[in-house]
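Those sequence lines, one after another, are chains A and B. Here the working numbering is used: the first residue of the first sequence is 5, the next is one more, and so on. Here the working numbering is used: the first residue of the second sequence is 5, the next is one more, and so on.
Think of the hints as simulated: they come from the structure by calculation, not from any bench. Warning: the hint list may mix true and false statements.
[To be verified] Taking lysine-lysine and the BS3-like style, the derived pairs with C-alpha atoms no more than 25 Å apart in a straight line are: (1) B:Lys40 to B:Lys309; (2) A:Lys94 to B:Lys307; (3) B:Lys296 to A:Lys136; (4) A:Lys296 to B:Lys94; (5) B:Lys133 to B:Lys6; (6) B:Lys94 to B:Lys226; (7) B:Lys63 to B:Lys104; (8) B:Lys309 to B:Lys6.
Number of protein chains: 2
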Amino acid sequence: MKKVALGIDIGGTNTAIGVVDQAGDVLSKTSIPTPKDGNVDNYIKSIAETVRELLNGLKDLVECQGIGIGAPNANYYSGNIEYAPNLAFKGIVPLVNLLKEAIPEFKVIALTNDANAAAMGEMIYGGAKGMKNFVMYTLGTGVGSGIIVNGELVYGHDGFAGECGHTMLIPGGRSCGCGINGHLESYCSAGGMKRTAFELLAYYNATDSLLANKTFNELESKDIYDAAVKGDKIALEVFRVTGDYLARGIADTIHHTSPEAVFIFGGPTAAGEILFNPIRESLEKYLLPIFKGKQQAQILPSKLKLGDAAIVGASSLVWKELENNA
Amino acid sequence: MKKVALGIDIGGTNTAIGVVDQAGDVLSKTSIPTPKDGNVDNYIKSIAETVRELLNGLKDLVECQGIGIGAPNANYYSGNIEYAPNLAFKGIVPLVNLLKEAIPEFKVIALTNDANAAAMGEMIYGGAKGMKNFVMYTLGTGVGSGIIVNGELVYGHDGFAGECGHTMLIPGGRSCGCGINGHLESYCSAGGMKRTAFELLAYYNATDSLLANKTFNELESKDIYDAAVKGDKIALEVFRVTGDYLARGIADTIHHTSPEAVFIFGGPTAAGEILFNPIRESLEKYLLPIFKGKQQAQILPSKLKLGDAAIVGASSLVWKELENNA
Numbered sequence: 005m006k007k008v009a010l011g012i013d014i015g016g017t018n019t020a021i022g023v024v025d026q027a028g029d030v031l032s033k034t035s036i037p038t039p040k041d042g043n044v045d046n047y048i049k050s051i052a053e054t055v056r057e058l059l060n061g062l063k064d065l066v067e068c069q070g071i072g073i074g075a076p077n078a079n080y081y082s083g084n085i086e087y088a089p090n091l092a093f094k095g096i097v098p099l100v101n102l103l104k105e106a107i108p109e110f111k112v113i114a115l116t117n118d119a120n121a122a123a124m125g126e127m128i129y130g131g132a133k134g135m136k137n138f139v140m141y142t143l144g145t146g147v148g149s150g151i152i153v154n155g156e157l158v159y160g161h162d163g164f165a166g167e168c169g170h171t172m173l174i175p176g177g178r179s180c181g182c183g184i185n186g187h188l189e190s191y192c193s194a195g196g197m198k199r200t201a202f203e204l205l206a207y208y209n210a211t212d213s214l215l216a217n218k219t220f221n222e223l224e225s226k227d228i229y230d231a232a233v234k235g236d237k238i239a240l241e242v243f244r245v246t247g248d249y250l251a252r253g254i255a256d257t258i259h260h261t262s263p264e265a266v267f268i269f270g271g272p273t274a275a276g277e278i279l280f281n282p283i284r285e286s287l288e289k290y291l292l293p294i295f296k297g298k299q300q301a302q303i304l305p306s307k308l309k310l311g312d313a314a315i316v317g318a319s320s321l322v323w324k325e326l327e328n329n330a
Numbered sequence: 005m006k007k008v009a010l011g012i013d014i015g016g017t018n019t020a021i022g023v024v025d026q027a028g029d030v031l032s033k034t035s036i037p038t039p040k041d042g043n044v045d046n047y048i049k050s051i052a053e054t055v056r057e058l059l060n061g062l063k064d065l066v067e068c069q070g071i072g073i074g075a076p077n078a079n080y081y082s083g084n085i086e087y088a089p090n091l092a093f094k095g096i097v098p099l100v101n102l103l104k105e106a107i108p109e110f111k112v113i114a115l116t117n118d119a120n121a122a123a124m125g126e127m128i129y130g131g132a133k134g135m136k137n138f139v140m141y142t143l144g145t146g147v148g149s150g151i152i153v154n155g156e157l158v159y160g161h162d163g164f165a166g167e168c169g170h171t172m173l174i175p176g177g178r179s180c181g182c183g184i185n186g187h188l189e190s191y192c193s194a195g196g197m198k199r200t201a202f203e204l205l206a207y208y209n210a211t212d213s214l215l216a217n218k219t220f221n222e223l224e225s226k227d228i229y230d231a232a233v234k235g236d237k238i239a240l241e242v243f244r245v246t247g248d249y250l251a252r253g254i255a256d257t258i259h260h261t262s263p264e265a266v267f268i269f270g271g272p273t274a275a276g277e278i279l280f281n282p283i284r285e286s287l288e289k290y291l292l293p294i295f296k297g298k299q300q301a302q303i304l305p306s307k308l309k310l311g312d313a314a315i316v317g318a319s320s321l322v323w324k325e326l327e328n329n330a
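Please model the entire structure based on the sequences and the hints provided.
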């Protein structure tokens, strides 16, 4: 019998559920719709059924140790999802308690936000194995982060720590989804990179750029990557500028918690050195002398596989809970 | 016999040494010059002699539990002072090891930087008693900070965490002592407030301000405070702007570690609401909705007494070491 953990990733559209072993490999997975009508009871029933089906499919092969869940606006301490703007549930959903009632056979059910789950996944299964102090930045629709200090996720006083995407990058700068102008997320998310592309097209009057023939609503971050690979100057400049923005935010994070490494996760990391070189170069400009040239300057791509990372990250919470309760 | 700890504060000019009881009261203190010639051996001898004299003066009354030291560029992990720009010592000084040889009777000798020591002092003796997650900002010649997560100081991978004074406030902004432009310290230190005063005098062409008759080299932060108390508009605007700058930095720190409270220590806090009101008002603009109106918005003056805080903060390291080793 292999020891496994269940990982659940709650997204705005779908909820992915997978069975993950201690090496971080997904043995089985499926997904159900995240309800659009906000009906929590049906959703909990549906999760419970799906979990049992998945485990039934692996009967006599695995021994499930618990459930880890990643979700937006999730609070580790309370086990609640609180006022998540991208989910249809209203107010506070006591997810962990509801699941404990619906699936009483598991002692460990833990919840945190997506980026925290990714950071935990990196520590348990990925490139941060053995590290006690590191940070994870996740780039996607938004910019998330998870901070590990002394081998533990930093949840802070109320469970909501690690919102590095909403640190101030440029005072009075771009509008951010949270309502405060100038945040890192409005520059370094997928949408932020698109906005940078349009600013640069305008600034350079770059009629010959591969990006000049897409509307604002058409252009996707994948287009910027494809153009950069073809050597398009504007697209390359988008990555250079984004790398510089990220370096500035990362420098501030290093000045806060002095991590051993900073991992970056998400679609844009597929660009490899096109993204990482500008980050590393700019970081040297923004770091205090005491931090320069040290291991902190390690800016590393996440070792979690892009497709499964959310499930895998969520599942890692289980091993951490078991370790802390041992 | 009262249990006491020794606190040592190493400054550029003087080294203050005091005997502190468990309530944070200084029973006896003195100071010796910090050597200008960089002679470490003589300095260690001099500290050892002074420590013994102080304790001899309290003979039969106190039982000393150890020594805590606050110093610039101090590394908790190694016990070294490393390349401190304001001290005459060259390179790396293994202060804790040298003191352990010179004063072998104490099992606990711990070292950290001044702002970390202040944060620890706040937790052990001050307004943060019982808090597990909080942050301390220290305003003075520079801007320092100490971050407490889960009841422990955040030292980070290499012992240098907590440099919030060197987070980016205004990209491409004022020159900072560290060599990187735009850092919080260049706006919110004593010198930073003076620079703000001169910018505002120039901006408003404020010939009628009380601050308009001092040269750049004459003006001290005390002058700004005195003028603000008298209702001088430029001086009040200096505090308002400084409060706004601080709020921006503090918001970023809250977004990192979600503390229960942020304590502020140092000379400018004597201005009371003239400083704290602008910080609190601006903070509401810069905090994510999930953090607004919560306890994090608690921006509190330090309860450590200004004159003794450095000694008291340093001494608190001893109680923490004993607690962690128990």
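Which numbered hints does this structure break? Numbers 1, 2, 3, 6, in rising order.
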